[in-house]
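Asks: In order, the protein sequence lines correspond to chains A and B.
Using our numbering, read the first sequence as starting at 811 and increasing by one per residue.
Using our numbering, read the second sequence as starting at 17 and increasing by one per residue.
Bear in mind the hints are in silico, worked out from the structure with no lab data behind them.
No incorrect hints appear here.
Simulated crosslink set (DSS-like; lysine-lysine; CA at most 30 Å straight-line):
id	chain 1	residue 1	chain 2	residue 2
1	A	K1256	B	K427
2	A	K842	B	K117
3	A	K1191	B	K113
4	B	K233	A	K1213
Quick caveat, the model's predicted, so the values are computed rather than measured.
Listed below, chain by chain, are the residues.
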Amino acid sequence: MVSRAKIKELMNESACSHSKDKKPAEGCNMPKPGLAAGGCAFDGAQISLFPYADAVHLVHGPQTCLGASWETRETLSSYEGRDHTVMGFTTGITTNDVIFGGDKRLEDSVDFIVSEYAPEAIFVYSTCVTALVGDDIDMTCSLGSERHGVPIVPVHAPGFVGGKNLGSRLAGEAVLEHLIGTKEPEETTPYDINLIGDYNVTGDMWQYLPLFEKIGIRVLSSLSGDGRVGSIRTAHRAKLNVIVCAKSLITLCRKMQEQYDIPWISVSFYGKRDTAFAIREIVKALGDEQLIARAEEVLREEEEKLEARLKPYKEIFAGKKAVLNTGGNKSWSIASGLQDLGIEVVATSIRKATADDVEKAREYLGPEGVLMKTPASQQSKVIDETGADILLAGGRSLYTAIKKKISFIDVNQEKKVSYGGFEGLLNLAEDLNYAFNNPVFANVSKPAPWKGK
Amino acid sequence: MEAEKRIALSKHEHKPLQVNPIKHSQPMGAALAFYGIRNSLPLMHASQGCASYTKVFFTRHFNEPIPMYNTSVSDITAVLDGGDYSILMSIENITKKNKFKPEIIGLHTTGLTETKGDDVRSVGEHIELPYCYVNTPDFEGGMESGWALAAKALIEQHTRPSSQIKPNKIVILPHVSMQPIEIEKIKAFCESFGFETYALPDLSTSMDGFFGEQQGKLGQGAIGIDEIRGLGESAVVVSVGTSMKKAAEALLEKNAAIKHLHFDHLMGQDKSDNFVAELMSIREIDPSPAIKRWRGRLQDAMLDTHFLIGSSKFVVTGEPDMCVGICELLQSVGGSIEAVVATVYSPILEEIEADTVFVGDLEDAKKHFKNADLVISNFHAERILHMEVQSHAELVLRGFPNYEELGNQLKSDQLYEGSTYFLFEVANKLQKVKHHG
Ligand code: SF4
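Excised from the complex, chain A in its bound form:
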């Protein structure tokens, strides 16, 4: 079961910027009734672990938990075996299991999965109902592991303990407890790192991994983008943990530092500056002079190539201004990308942003930039005042853009291409170019004939 003490520990993680301005007991975990929005802890746990394509992810709960969400994530995998990330597995418990317990059903499901799909591991997720009725998932998993000789990992992140962020931490705990350190790697190098918290959405990782390869940085394991259970089990032999844009997994990295003496750094790969900065940080942390020199060489070459390809776009975008209204790390990461393309970002949203995010947003936008606390009501005015040319926001803001007769990109929509790394910047440029040139926004803003003059 998931204990209150464990949750308290995770929520009060000192490395988390959420907790700075809160009283210790509060943590991040006290939703006001009616106002909790976004995914639950179970959702967060799944997001963190789901990219393991060689494992089966079994959701022990009723229909809502999995029925609506399988095969919706664009986390790409290069796994050559059967890719379980595009599949959905749930015990789909019924009234009977609520009354008599769902342990037997879970046990039978595990047996079924092993015999039909022979995965490298099974992650079993508890959910609100199965946690409430007290199914002994730990027991069923450990007996199953013994019976079948594959790791069966219980993940205790039922939705009602909190939001996605907490779920992701709990997933990290499960991996640390059950997988990391259970296998030795076939070979190691002094340049081995673990990538933590990049889920390879739309192939984000693949935008920067080629740079790693050129420089000679080796990814020993990933949690969990394009990851394999077999390699995360060897993660304890890495020289460095690299957290990619995922504060929720800091606890995991801190514990790995304590247990295995692996230092960690936190980076992001959005835009040119961040990507270059990230790579410099990684090689610096690995501390090999030759590697550092090689990194500089590769970066110089690649940046030059990138600049040449960005040049035509920069000419088109010269003088353009953008207003950005999106949440979380996107509030500064997309800003950074836009700036790399020569677009002035005049405003961004800091609604619900953490202290870190606000700081970063200010750093990127400069003293003149508008940081919008209530973007829904502010953005219209900001567009007028700044003469912005484009609004990048969620679908609900489309009406504002049309009313203001400016271009629009839905940044919250499930994207199909990556904006990460150097290559992703070109994808962003492409999308912007289409948006600026598309007459649809002007056309839709025309008044209806019955609307008078």
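Starting from the structure of chain A, add chain B with the ligand where the hints point.
Replies: Just chain B with the ligand now, with coordinates in the frame of chain A:
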């Protein structure tokens, strides 16, 4: 299918888990029903996750902003609170924060809040706004029953009993798989017979893909609480889909003089003919010229498509009320139904004449895909059919979810007109299969 054991149609599951499920949960169906009510606040009595998944699911399916709220039950309130506190505080917090006044609160439960046994009925005494509660644990039933239960609850809890009848007033109770445009078309059909027409729920102005200032913060359906209250004066109630029968019966409780017409579905010539015959006899008028014209077009379509469809095998998956209509229409032009894989059990499934009919998932359906020329299923079937089975069969997307196609809320398969388009769509896809072959 010699070697493989057939799965029988049963209320009991044939395996301990679902692999690639097609079933969606009851609370999701209830939420969708409340989107079909004007200025309603769909409030899921749950932890945030269930509501979040529901919101994302419908946002992607309809490409619309989705109003969805939850009572934020946590592991602590789950133990300490019988539901009253979270429900009342939620309504207060949500209305204060959004500065709106909903015309009705649509509270629906989930597995979690049913397991802890909250009494969601009596809390209504403390709510000043009109309030409708519906028990929709997600370990029972499915989306189809959740939607139907919400419609029934709205009638039971809000429709005024009456002994009066307005002779030209009709109310349609559509099953969950009907698209916004389908509800609008059926309403227009009735209106052309001179009826004052209502639908419950009515998504025709809600998920219909409409660009305007509406922010999607409350349900945008075409029927409001006042109209629901007055449904007891209807002359006729038409339930479409077996799942909606109980809601119609609930309305008869309010006024025994209401005439109840039930249709398992409204696809194809037979059902459309029966529907028209009933409306004609009630209103004692002839159908409009347009309706007559469409019947002829449907017949022409049946003749034009019968060769392709008549020589083809189909696998259909989805909610029972949708499957039964599709099967009957295809069979009316000679199509052979290889298998029907339904989300949940419904007695109507017993009446489908197909080689195999059962309740299952896409892992089960997959076994039948290799024998099909065309599959009618949701978005998830695409990858399984073409990547896993590597079949040349074509896919027609119907049911939830459809993340692939845009504009599916404006596609009608109902009555003469919609059935005509449906047959052409199927036949055109089969054309490709046959050419491949
Ligand atoms: S909140 Fe609980 S019941 Fe709902 S989806 Fe999350 S884990 Fe499942």
